[in-house]
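A.B. asks: Use these hints to put chains B, C, D, E and F onto chain A, whose structure you have.
There are 6 protein chains.
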Amino acid sequence: MSTIAAPSDPEADPRVKAVFDDIRATRKTAFINNLWRRLAFDPPLLTRTWSEVKEVMATPSALDPLTKELIYIAVSVANGCSYCVHSHTAAARGRGMTAEQHAELLAIVGLAGKTNQMATAMQLPIDALFDADVGT
Amino acid sequence: MSTIAAPSDPEADPRVKAVFDDIRATRKTAFINNLWRRLAFDPPLLTRTWSEVKEVMATPSALDPLTKELIYIAVSVANGCSYCVHSHTAAARGRGMTAEQHAELLAIVGLAGKTNQMATAMQLPIDALFDADVGT
Amino acid sequence: MSTIAAPSDPEADPRVKAVFDDIRATRKTAFINNLWRRLAFDPPLLTRTWSEVKEVMATPSALDPLTKELIYIAVSVANGCSYCVHSHTAAARGRGMTAEQHAELLAIVGLAGKTNQMATAMQLPIDALFDADVGT
Amino acid sequence: MSTIAAPSDPEADPRVKAVFDDIRATRKTAFINNLWRRLAFDPPLLTRTWSEVKEVMATPSALDPLTKELIYIAVSVANGCSYCVHSHTAAARGRGMTAEQHAELLAIVGLAGKTNQMATAMQLPIDALFDADVGT
Amino acid sequence: MSTIAAPSDPEADPRVKAVFDDIRATRKTAFINNLWRRLAFDPPLLTRTWSEVKEVMATPSALDPLTKELIYIAVSVANGCSYCVHSHTAAARGRGMTAEQHAELLAIVGLAGKTNQMATAMQLPIDALFDADVGT
Amino acid sequence: MSTIAAPSDPEADPRVKAVFDDIRATRKTAFINNLWRRLAFDPPLLTRTWSEVKEVMATPSALDPLTKELIYIAVSVANGCSYCVHSHTAAARGRGMTAEQHAELLAIVGLAGKTNQMATAMQLPIDALFDADVGT
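Residue numbers (this note's numbering), protein chains in the order written: chain A, 1 to 136; chain B, 1 to 136; chain C, 1 to 136; chain D, 1 to 136; chain E, 1 to 136; chain F, 1 to 136.
So here's chain A without its partners, still in its complex pose:
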């Protein structure tokens, strides 16, 4: 059940096929998950979105691949996106996340959720030392 109808043959559109081929090549798998399959209803949006995901998440950079997935999961949990929590937890497992690291991720995400609420409830004044101009 979705707000976007399931596509019958998305790769009939060459723009969609080009993106799906690149996803398969980048991820070294034949599997195309629903985010891309449903987004195929608008090829330009599909192309731009995949392009950004590939650049930010699948290109070697200053943070290692697993750390990037952990950050992605953390945001997705806090935003309450079921689909994204599932897809990025699977991705993190694919990049080597152990059960111990998973438990630690849950502990940090839970603790942050707790102190976020407490700090917001207290409406804490921000310490001057935290200002980037001061603290650096």
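Which copy? The list can't say, so a pair holds if one copy fits it or any two copies do.
Below, in silico cross-link-like pairs of lysine to aspartate or glutamate (DMTMM-like), each with a Cα-Cα straight-line distance of 25 Å or less:
| no. | residue 1 | residue 2 |
| --- | --- | --- |
| 1 | Lys-54 | Asp-131 |
| 2 | Lys-17 | Asp-127 |
| 3 | Lys-28 | Asp-64 |
| 4 | Lys-54 | Glu-11 |
| 5 | Lys-28 | Asp-131 |
| 6 | Lys-17 | Glu-52 |
| 7 | Lys-17 | Glu-55 |
| 8 | Lys-28 | Glu-52 |
| 9 | Lys-54 | Glu-100 |
| 10 | Lys-54 | Asp-9 |
| 11 | Lys-17 | Glu-100 |
What the hints contain is simulated information worked out from the structure, not anything from laboratory work.
C.D. replies: The following block gives chains B, C, D, E and F in isolation, referenced to the frame of chain A:
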């Protein structure tokens, strides 16, 4: 401006002093930030909260200290907690976060925020492969 | 599965019947969706809620009906309300939303989600020019 | 600084004056807080909003006044509304909230924030027993 | 479907058995809900989480048990945690919540959600009187 | 106060100057707001972000410019991004939003916030008719 009055002499209470001393020793700094200073209005809650923060964030574990702070920032951003974004960004800097890593954190957090919204707007069915029982 | 038991014969209560009749007349359909069917467990709350929805969403006003639905979807996505995303996307389709407009809605909602996170992560000082007293 | 310009003489409009008079009479104070002062830019919206606040929060009902304020604070914290956290914490104090109860509110709100994140991260299947039709 | 595989025999681990036994004794029921069953994949995290839930929610304190559950539901709704909304609504029913109180909870949570959005949209300046140092 | 230090002379970097020049040309104003000024600390991220904002928000498309800003405000309110609420409300005014339309936006955003919370609290089953495959 806060919903909790600023304490005049929080360390007059020995339970508060014990926590503040442990914060100073653990962090190797004399600085006690407002979260702890205001939370001192209820010493048991202060004690339990610090105990958990120390255990999760300041104890060697399966994830390195900088990764833990990046996850903490990510959750705090998504939850919109100004105080926590400030305090944990300062902490991440203290643990060596470079400007390049900070920019990358912004890029990931931004991208996750974007796809979280898009996936929620599409109400995507979750791929069976993402199920932990199937995907493992 | 719900936290409110499914009603057996909600229209047996004349207050519920009056609301359902008005929904059918206003929307020109026999279909009553679950929000109203479950809310029928408390007729006064049902009555007040429908009254507000009718006034804000189904009365000619300064914004056209489709624009109002697009705003409603946008809020519902950001708040992560699955039910509301579904019901208001269906309503937007009923008011003429094209696939191109739907894709554009996804693009805006996604971009806003992205810059919301980035601006919150940077804890940007608000430009004085944005103050309504100054900027007007 | 606001997105709504500060009104110069809001009570010059009789609809605004009527609402402000009712707020003063209901709350037994001359103080009109900024929510109402700024909302005065649109008298019909001001009138409807106050009418609902008065009915839900200032009319004797099945929940006592302090409990209602605690629930209001809890939602406002989770939604990250600074203004509302401040105004309803002040209201709760006005209705007798003790420091001990305030600390307990922080503890519950924090714990809920924590387990909310953990449950979302785990994407827990909902126990059949929680279904209202089954569990009642 | 979950990001944590269903455990086959969680109580084979004595640490898990000890927690489950305490849950059963505290709640006077043989039923162990999925939060605990899945969290059993990491016994230390299970132990710490239950310990906090027991202390905050199942120990006599300044707020009565039903009020505590109502606050918990309120946070869970605003955070969009389906599992938590279900589990704590069931708990509130178990502690005597009537249909009338449930409807009132919905009314307050709905109204708070509404004014939270409106206050955030207006970016209201916070009244000086709300400052805890001033207002006390 | 920000987590990103204020840049001294951002346009000394030609990549930043190129973006700022394009912002000024696109918006027909000399004013560069803080989002771009602070984001200048990482020129590639600045370039990509502006490129997307320009494409989605400042290019003629299926939705008119004011409608796009109203949707952007709606998401920003629900996500609690103060900076974005301010900047996009100013942008909407610049695109002709009247006080009456602004009040109506507040009414819709408020109502959506309300029913989002109520629907989440009720954990409503989604009507089959809302499925895109069925409903189209």
